[in-house]
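Undergrad: The lines below spell out each chain.
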Amino acid sequence: MEQPPRRTRNRAVWWVVGVMLLIPIVIPLIVPIYARQEPELFGFPFYYWYQFLWILIAATLTSIAYLLASRQERRDRETGDGRRGGASR
Amino acid sequence: MTDIDWVALSVFMFFFLLVTVLGFLAARWRAGVDLESLDEWGLGGRGFGTFIAWFLIGGDLYTAYTFIAVPALLYAGNVIGFFAVPYTIVIYPLVFIFLPRLWSVSHRHGYVTPADFVNGRYGHRGLSLAVALTGILATMPYIALQLVGIQVVLEVMGIGGGEDASLLERDLPLFIAFAVLAAYTYSSGLRAPALIAFVKDTLIYIVIIVAVIYLPLKLGGWGEIFGAAEEQFAAANDPAVGTIPPGALHWAYASLALGSALALFMYPHSITGVLSTKSRNVIRRNAALLPAYSFLLGLLALLGFVAVAADVQVDNPQLAIPALFEQEFPGWFAGMAFAAIAIGALVPAAIMSIAAANLWTRNVYKAFLNPAATHAEEARQSKLVSLVVKFGALAFILGLPTEFAINLQLLGGVWILQTFPAIVFGLYTRWFHRWALFVGWAVGMAYGTWTAYQVDFSAVAPVPGTETVGYIALTAFVLNVAVAVVMTVVLRAANVAEGTDQTVPEDYRAESGDEGVDELPQPV
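Protein chains in written order, with my numbering: chain A, 1 to 89; chain B, 1 to 524.
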């Protein structure tokens, strides 16, 4: 009886992990968003401080993905059904 | 500039001797039973945890050449030179996604190189050989460029440089540095660069952080620095020179970042670093921690503008950063910076030569020349080849113009990306036909090489059928994948043999502690 909800939740966790990783791959490559001078910050043109900011955002998102993924894999291992789905990442 | 700064030179020598001693001592550091196998010599016993792996992989990817070339691009006003930053942002989520799978399958089957995996997955020695030779070919000029990194610091310090110096006088210091490196890599294997990476990265972090705090204070702040750079570049009156890319170069910027990110972990030395870790979790954790280096690289890149603002005058932009340190800092600190760059060349050069040697040993020597080779014979072969590779690179840089090595390294990036479908797609699916991957690889290599030649070895070229310019490697990659897809459909319809797959789906998720992972399996 409890199988379907757990499967659904597992899948949701891997979805979140996927999105957490996809954002820092896609957004920094959309150059038109940030190829501009203004607004400046501490003398840095927007173009430069925006990209530095994304290093931090990307590191944060990857850390969240790491925590979610390792917790989920541990849980999968304990329940013994980690052979399916998301653990394939 | 040819006067020798003895303080700087002494500090430099001190650090160089320190890493030499460490390099030889490394043989005994965390050593396994014996060094006579590739798992020990070539992968450091496959036991590095998060902390060591962070230094090792960081030391491996952010090379001396990066530290010289990236700020040199900005110093010269190359408007897309800052692509190194989005490149290193994009790379770590990619690492997180696919490298744990490569780690798992490699541990289950005792694979040492990416070409080992390709052979196991597709049962196709030709495809495996193509991957191995591409790896060796792309790595050689990369090693040669590390020598350029050492050469420029030696030149700024006033030793070895100078137009009128005799051949022996000019090249002897470089030769000695490389001979020492070759000796301790030979005896300690991957443990040597792993241990030296601690010194290298500590020095680099100190030097860069001091520089980016101190120099702007001295020069009137970042606003002044950017202003000075903009003013100087505006005088060039060229859309390719400036601080922010114009619309026409947006795709060039993005495709360079994406293409380089996809290519980086196809390089044999990056995979060697990853396979030396002790668990797949170490890889993921590092994907979250390694961006610290990206931040450092971004700051370092900006030193190119700092050099402009500080009115550093050099003919060769690659001398800009060493010249900046020499001009703005006391001798002892400049010596530290030079040591950081030179050691920054030794770490990746060691790992690259080990990785290239492993490819040779596993995928040429063992696959074709001596299939019965024992572990000890493999290790011996690899050690010897690592020497050949290093001295080959040295002969290359001493005998041919530097320009040639730079062009070849650029081609190396184009080439190595063409192995991506066979390796990474293979981690997820056996849908692609092995011959289709082979043909796709060949087409990508041919197109990329020809196009790069046509545009005189610029990294970017017009994308066929469009108005825009993009990174040649990425265009070739798209072509490669398209060919592989079409050929797969054709070959399958024609019922051409698919080859045997040694792996099973569980292999790609195995974690250390799982059955067949902890005790090292016999290499196939």
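Honestly, I wouldn't trust all of these hints.
A few chain A positions that, by computed beta-carbon distances, are all more than 12 Å from chain B [said to hold, decoys possible]:
#1 9
#2 12
#3 13
#4 62
#5 77
According to the in silico footprint, chain A covers these stretches of chain B (three or more CB under 8 Å from chain A) [stated by the list, open to error]:
#6 223–234
#7 238–247
#8 250–259
#9 276–287
Taking CB as the label site, the calculated pair distances span [claimed, not checked]:
#10 B:223 to A:57: 34 to 42 Å
#11 B:485 to A:19: 20 to 28 Å
#12 A:71 to B:51: 47 to 55 Å
#13 A:11 to B:137: 41 to 49 Å
Hints are computed from structural coordinates only; laboratory data are not their basis.
The structure displayed is predicted, hence computed values, not measured ones.
Just so you know, even glycine gets a beta-carbon here, dropped at the ideal spot from N, CA and C.
Undergrad: Now look at each hint and say whether the structure bears it out.
TA: Verification of the supplied hints:
| no. | hint | verdict |
| --- | --- | --- |
| 1 | 9 | 19 Å, holds |
| 2 | 12 | 18 Å, holds |
| 3 | 13 | 15 Å, holds |
| 4 | 62 | 4 Å, violated |
| 5 | 77 | 8 Å, violated |
| 6 | 223–234 | holds (count 4) |
| 7 | 238–247 | holds (count 5) |
| 8 | 250–259 | holds (count 6) |
| 9 | 276–287 | holds (count 4) |
| 10 | B:223 to A:57: 34 to 42 Å | 24 Å, violated |
| 11 | B:485 to A:19: 20 to 28 Å | 27 Å, holds |
| 12 | A:71 to B:51: 47 to 55 Å | 22 Å, violated |
| 13 | A:11 to B:137: 41 to 49 Å | 42 Å, holds |
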